[in-house]
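Visitor: So you can see what is in the structure, the chains are spelled out below.
2 protein chains.
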Amino acid sequence: MAFDSVETPFGKAERVLGGSATYFSTAASYFADVGIVAVVGEDFPDTYIDMLNKRGVDTRGLKKVPGGKTFSWKGRYDYDLNQARTIETQLNVFSDFKPQIPEDYRDAPFIFLANIDPELQMEVLAQVRNPKLVACDTMNYWIEGKPDALKKLLKNVELLTINESEAREFAKEPGLVKAARKILECGPKTLIVKRGEYGALMFNGKSIFSAPAYPLENIFDPTGAGDSFAGGLIGYLANTNDLSDANIRRAIIFGSVMASFNVEAFSLERLSKLSFDDIKSRYREFKQLTHFTDI
Amino acid sequence: MAFDSVETPFGKAERVLGGSATYFSTAASYFADVGIVAVVGEDFPDTYIDMLNKRGVDTRGLKKVPGGKTFSWKGRYDYDLNQARTIETQLNVFSDFKPQIPEDYRDAPFIFLANIDPELQMEVLAQVRNPKLVACDTMNYWIEGKPDALKKLLKNVELLTINESEAREFAKEPGLVKAARKILECGPKTLIVKRGEYGALMFNGKSIFSAPAYPLENIFDPTGAGDSFAGGLIGYLANTNDLSDANIRRAIIFGSVMASFNVEAFSLERLSKLSFDDIKSRYREFKQLTHFTDI
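As they're listed, the protein sequences go chains A and B. For the first sequence, the positions run 0 to 294 when numbering that gives the first Met the number 0 is used. For the second sequence, the positions run 0 to 294 when numbering that gives the first Met the number 0 is used.
None of these hints come from the bench; they were simulated from the model. Fair warning: this is a prediction, and the values are worked out from it, not measured in the lab. It is possible that some hints are incorrect.
Identical copies go unnamed one by one, so any copy, or any two together, can satisfy a pair.
[Stated by the list, open to error] With a Cα cut of at most 16 Å, we get these calculated EDC-like pairs of lysine to aspartate or glutamate: (1) Lys-150 <-> Glu-13; (2) Lys-205 <-> Glu-157; (3) Lys-181 <-> Glu-118; (4) Lys-177 <-> Glu-196; (5) Lys-68 <-> Asp-241; (6) Lys-181 <-> Asp-106; (7) Lys-63 <-> Asp-49; (8) Lys-171 <-> Asp-79; (9) Lys-11 <-> Glu-122; (10) Lys-11 <-> Glu-184; (11) Lys-62 <-> Asp-241; (12) Lys-181 <-> Glu-216; (13) Lys-177 <-> Glu-216; (14) Lys-97 <-> Glu-6; (15) Lys-279 <-> Asp-293.
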C-alpha cells in the first residue's frame, strides 16, 4: 500500500491512496471475499482502511508500523500513457517488509502475489496451504535483478500476469508468441500478457485469447490498472471457482472492465464507487466492442 | 507498384515486387474483380504482371513508361516491426504519375485510393462516376505537407484507413477516441485505425469495433500489411455489396486475415498463393481468438 503522487497530461494528484494491495483488493471485492497482506506506516490514515473495510476487504493482514512512514511513489505519465516515469520512490516501511500471513488466510483457495521481490513471494507461498490457484505479477526490476529467484517462483505459480515488454525481456525473445511459449515452459499454465491500451493476450499452450482494452474518452491515470485487472480477474475466478479456458476468458474481460474503470479517475475514486450493474454493463460493452459474426 | 528492398531481423529481400497497388489488388482478388491504376518503368518484369493477371487482376490501368525506371524503396525493420525505417526512396516514373482511369473502370462501385498525394487522389475521384464507396489511405507525409488538400479529399471519402500515430497527428489530439471523432467530422462515415500487431479499431460515430491482430509465430516482413488489409476489407465489401456495421466488421476481419498472411513472407510470396479455404480457416481462428461468452 502506498501514497502515490501522480502527474498526467490531464491533471495531478498529491499523496493519494495507491499500492497493489489497494487496487487489487478493491477490484476483487466486487466478486469475492478478499483479504490483504501489506504494510503501512503510522502516517497512514484510518479513513483509507475504513474505505477498504466498507468494501468488505479483510485488513487483518495489514501491518501498521509504529513510527514508520508509508511507502511512497511519485511518477509522471506523458501522452504515451502506457509508460510511467518514476520521479521518486521512498521504500520506508516497505524496505524490511516480511509478509506474515494471518492464520485465517492460510487456507485461502486463490492467492495473488503482487509485484514484490520474488524471494518474498516465495515466503508467502510457504505460509499458505494447498491453494487452488496461485497467480503472480512481477516487473523488469526483478527480471533483471533476481532472475533465478523468479524462475524458482514460477515453478510454483499457475497464472502469471506480466507486461508485454517484460514478457519479451524475461524470455529474451522479441516474438511474443515464442516468448509466451518459453514462459509457459517455466511453470505457469496460463500466461496473461498485459498491453495497456491495447488490451491483453492470454496463452495457455492450447489456445490464445485476445482481449481488447475499452476505448476510453478520458484516460486520467493508468496507475493501478494492472492490479485492478488482476483483482477483477482473480476475484471472478474465485467467485466462480472454475479454471476452464472459457471461464478464464470471462475473467480476463472482468479484469479489463475493472482496469477500464480504474483509469478513469485518480487513485480509487472511480474503482471504489461502482455498482455491480456498472460492471455488468461494461462487460456487455466489451462484448459489443469485439463482436463479429461467423462466416 | 514498386521494387522493395527490405531487411528485417528475420532475413532480407532485394528488389522484390511491392507497392500498394500490388498488395491491395492481390488481397482483393480473392473476393472481387479488381483493376489497378499504377505506373512502372521499362525495367518492370512482365512475369509480375502475369502473376497479377493470373490472380484475375485487371492491369489495363497499369502504365509502363518506355525508358523509365520503376519506383523503388529500401527500408529496414528492427524488432519493433510496427515501424519501417526508410533507407532510400527513388520516385523514378512515379514522380510525374498522373493517374488515368480507363473508361471501363469509371463505373466501378468500390474505389480505393491508396496512399499518394491527396491532390492526385482527388484527380482520380474526378474521373469516376457515382461510386458506392470511396475509401482512402494516407500518411504523415501528406498530413504534414498537404493538410488542406487532404481535408478537401476527406469530404469526398466514406471510409478512411490510417495508422494510429497518424490519426493522432491529423487530429492534433492524443486521445484516440477524441481524435477519431474529429476525423469523422471531416467527412468519412467510417474510420479504421490501423495499429499493426495490435489490430485495428473501427469508429463510425455510433459504435466502436476492436479487431485483434493474429498472433503470429513468425512475422517476416510487415511491408504491405496495410494495403493487404485494405484489399481484404474493400474486396469483401465489394463482394457482399453491404455497408452495414455488421458487414464492415466482417470485412475488417477479412482485411486482418489478409494482412496476417502477408506478413508471413517477403513480398507477395504468401499472399499470392492462398486458397479461399486458407482464408476462411483463418477467419475462424480470429473468431476463436476473440471469443468469450455473454454473462
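Visitor: For each hint, tell me whether it holds in the structure or not.
Guide: Okay, the hints, checked on the actual structure:
1. Lys-150 <-> Glu-13: neither (37 Å within a copy, 42 Å between copies)
2. Lys-205 <-> Glu-157: within (15 Å within a copy, 40 Å between copies)
3. Lys-181 <-> Glu-118: neither (22 Å within a copy, 50 Å between copies)
4. Lys-177 <-> Glu-196: between (22 Å within a copy, 15 Å between copies)
5. Lys-68 <-> Asp-241: neither (40 Å within a copy, 63 Å between copies)
6. Lys-181 <-> Asp-106: neither (31 Å within a copy, 54 Å between copies)
7. Lys-63 <-> Asp-49: Intra 14 Å, inter 77 Å, cutoff 16 Å: intra-copy only.
8. Lys-171 <-> Asp-79: between (24 Å within a copy, 14 Å between copies)
9. Lys-11 <-> Glu-122: For Lys-11 and Glu-122, neither the intra-copy (36 Å) nor the inter-copy (49 Å) Cα distance is at most 16 Å.
10. Lys-11 <-> Glu-184: neither (42 Å within a copy, 31 Å between copies)
11. Lys-62 <-> Asp-241: Neither way: Lys-62 and Asp-241 sit 32 Å apart in one copy and 62 Å across, limit 16 Å.
12. Lys-181 <-> Glu-216: Answer is between; shortest inter-copy Cα gap is 13 Å, intra-copy 37 Å.
13. Lys-177 <-> Glu-216: between (34 Å within a copy, 6 Å between copies)
14. Lys-97 <-> Glu-6: Neither way: Lys-97 and Glu-6 sit 31 Å apart in one copy and 51 Å across, limit 16 Å.
15. Lys-279 <-> Asp-293: Only across copies: Lys-279 and Asp-293 sit 10 Å apart there, 25 Å inside one copy, limit 16 Å.
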